[in-house]
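K.L.:
Chain residues, written in single-letter form:
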Amino acid sequence: MAGLTKTKPTPPRWLLAELTYACPLQCPYCSNPLDYTKYQNELDTDDWKRVLTQARKMGAVQLGFSGGEPLTRQDLPELVKHARELGYYSNLITSGYGLTEEKIIALKEAGLDHIQVSIQASSQELNDHIAGTASFNHKKEVAHLVKKHGYPMVLCVVIHRENIHQMPEILAMAEELGADYLELANTQYYGWAHTNRDQLLPTKAQFEKAEIIAQAFKEQVAGKMKIYYVVPDFYEDRPKACMNGWGTTFLTIAPDGVALPCHSARELPGLDCPSVKDYSVEEIWNESKAFNFFRGTEWMKEPCRSCDEKDKDFGGCHCQAYLLTGDMHNTDPVCSKSPHHGVIQEAIDSAAASTLAENEKPLVFRNSKNSKLLS
Amino acid sequence: MSINPELPIQFSRTHRLQWEEAQQKNVILYPEGMVELNQSSAEILKLCDGTRTLAQIVSDLEAAFSTSGLTNDITAFLEVALQNGWINQN
Numbered sequence: 001m002a003g004l005t006k007t008k009p010t011p012p013r014w015l016l017a018e019l020t021y022a023c024p025l026q027c028p029y030c031s032n033p034l035d036y037t038k039y040q041n042e043l044d045t046d047d048w049k050r051v052l053t054q055a056r057k058m059g060a061v062q063l064g065f066s067g068g069e070p071l072t073r074q075d076l077p078e079l080v081k082h083a084r085e086l087g088y089y090s091n092l093i094t095s096g097y098g099l100t101e102e103k104i105i106a107l108k109e110a111g112l113d114h115i116q117v118s119i120q121a122s123s124q125e126l127n128d129h130i131a132g133t134a135s136f137n138h139k140k141e142v143a144h145l146v147k148k149h150g151y152p153m154v155l156c157v158v159i160h161r162e163n164i165h166q167m168p169e170i171l172a173m174a175e176e177l178g179a180d181y182l183e184l185a186n187t188q189y190y191g192w193a194h195t196n197r198d199q200l201l202p203t204k205a206q207f208e209k210a211e212i213i214a215q216a217f218k219e220q221v222a223g224k225m226k227i228y229y230v231v232p233d234f235y236e237d238r239p240k241a242c243m244n245g246w247g248t249t250f251l252t253i254a255p256d257g258v259a260l261p262c263h264s265a266r267e268l269p270g271l272d273c274p275s276v277k278d279y280s281v282e283e284i285w286n287e288s289k290a291f292n293f294f295r296g297t298e299w300m301k302e303p304c305r306s307c308d309e310k311d312k313d314f315g316g317c318h319c320q321a322y323l324l325t326g327d328m329h330n331t332d333p334v335c336s337k338s339p340h341h342g343v344i345q346e347a348i349d350s351a352a353a354s355t356l357a358e359n360e361k362p363l364v365f366r367n368s369k370n371s372k373l374l375s
Numbered sequence: 376m377s378i379n380p381e382l383p384i385q386f387s388r389t390h391r392l393q394w395e396e397a398q399q400k401n402v403i404l405y406p407e408g409m410v411e412l413n414q415s416s417a418e419i420l421k422l423c424d425g426t427r428t429l430a431q432i433v434s435d436l437e438a439a440f441s442t443s444g445l446t447n448d449i450t451a452f453l454e455v456a457l458q459n460g461w462i463n464q465n
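Protein chains in written order, with my numbering: chain A, 1 to 375; chain B, 376 to 465.
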């Protein structure tokens, strides 16, 4: 078993419960797997309760209810109530679609701590285009209701080439809606975003301009609004410390019960990710091949193996290494020390060429039809 | 932003202070984040209940731990807590 560590791993702190892959939106940068339509058998309520109980016992405390759109699960209030009784801090990560004031109140009573609402752009036209669903006005209404009922409100906007020019308007919208936190998430190129990268990746000049505007805003709203800025790693020269280190902190459970060390790990070959239908969370976390695969530094090849920064970034992201170099054991090619670093510039050049092409390829929206075509 | 000595201090309604058995420590929980607290920080925050002012928190802790001269340390910590939004004075 590669990378098996002898010491007992640190327990999970963060549990991401992907309740379903069903979603009324069609965002072309969705992090769900391209072939999500293959996984139809969702865990039932009792399965989820068991998973929450087992992970909490190990020490997980932050819990994200995600998806897909978690509101499509009718048992969400019941799961939230169970989570509250166990002492989790529960985050609902939602598009806001289908969220009514009645549900917001019911979830609060069940013990939900926080609601994160995603908005795709600062204008109705672009929001509804990217979401593939007329949803802009409803999302803004939901943001108001979330505040009204005393939740901390996090607004999440995924940033890419179609909306990066709206940065000033996006910031103004966050302020107008009274967001307590604003997550500006530069697109990470996995799943559907990888497929659509030529259409989504902004230029370096666009990034730099947007970042200066966001930075100035951050200082201006200090003490009132916190900004989480997810860096665009294609324009960095060192990789992100992905997942805070494989199997150290984060545990994702996919809708069908497969346990993943990160929510993209399903696309990595040969990990044999285990299911909570077959094993306890403790067995999965401590003993499974998948969770031990990239623990520690034994798995590393050069240049990571002899690098003095290997304990800082853990070699970066394995999904990115796999998608861009074909080998998940390679150094994340974002790193300028990687012999494959050139693929990043090729991706940037390819995206730039795509903007100039006479017939720009259309975005592939995330929906069942396209999922079946791509799997 | 600094502590107003006249007003009572209250722990934020949008954060949660909780004992974590697995970690054997108190933590502050907020959207997608967690801060681990040492024992003295946790003891200070537990007294931020919306009734006590800075001076009362200092005197209560000095009495509880039979010590004196805590004013500077407690003030410094509460200023940080205020800047981070863990406490407020309304």
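Hints were generated in silico from the structure; no laboratory data involved.
All of these numbers come straight from a predicted model, not from anything done at the bench.
In this text, a Cβ means the ideal position worked out from N, Cα and C, and glycines have one as well.
Heads up, some of the hints might be wrong.
Each computed DSBU-like pair below joins lysine-lysine, with the alpha-carbon atoms no more than 35 Å apart [to be verified]: (1) Lys400(B) with Lys224(A); (2) Lys147(A) with Lys400(B); (3) Lys8(A) with Lys147(A); (4) Lys421(B) with Lys226(A); (5) Lys218(A) with Lys369(A); (6) Lys421(B) with Lys81(A); (7) Lys421(B) with Lys277(A); (8) Lys421(B) with Lys224(A); (9) Lys57(A) with Lys400(B); (10) Lys400(B) with Lys81(A); (11) Lys400(B) with Lys240(A); (12) Lys140(A) with Lys240(A); (13) Lys361(A) with Lys400(B); (14) Lys421(B) with Lys57(A); (15) Lys8(A) with Lys400(B); (16) Lys240(A) with Lys49(A); (17) Lys224(A) with Lys108(A); (18) Lys209(A) with Lys361(A); (19) Lys218(A) with Lys421(B); (20) Lys337(A) with Lys400(B); (21) Lys38(A) with Lys148(A).
Chain A is faced by these chain B residues, among others (derived, beta-carbon under 10 Å) [what the hints assert, rightly or not]: (22) Gln398; (23) Gly408; (24) Leu412; (25) Glu454.
K.L.:
State for each hint whether it applies.
P.N.:
Verification of the hints:
no. : hint                     : in the structure
1   : Lys400(B) with Lys224(A) : holds (28 Å)
2   : Lys147(A) with Lys400(B) : holds (30 Å)
3   : Lys8(A) with Lys147(A)   : violated (42 Å)
4   : Lys421(B) with Lys226(A) : holds (24 Å)
5   : Lys218(A) with Lys369(A) : violated (40 Å)
6   : Lys421(B) with Lys81(A)  : holds (25 Å)
7   : Lys421(B) with Lys277(A) : violated (41 Å)
8   : Lys421(B) with Lys224(A) : holds (23 Å)
9   : Lys57(A) with Lys400(B)  : holds (15 Å)
10  : Lys400(B) with Lys81(A)  : holds (24 Å)
11  : Lys400(B) with Lys240(A) : holds (29 Å)
12  : Lys140(A) with Lys240(A) : holds (32 Å)
13  : Lys361(A) with Lys400(B) : violated (53 Å)
14  : Lys421(B) with Lys57(A)  : holds (25 Å)
15  : Lys8(A) with Lys400(B)   : holds (20 Å)
16  : Lys240(A) with Lys49(A)  : holds (33 Å)
17  : Lys224(A) with Lys108(A) : holds (23 Å)
18  : Lys209(A) with Lys361(A) : holds (25 Å)
19  : Lys218(A) with Lys421(B) : holds (30 Å)
20  : Lys337(A) with Lys400(B) : violated (40 Å)
21  : Lys38(A) with Lys148(A)  : violated (39 Å)
22  : Gln398                   : holds (7 Å)
23  : Gly408                   : holds (8 Å)
24  : Leu412                   : violated (13 Å)
25  : Glu454                   : violated (12 Å)
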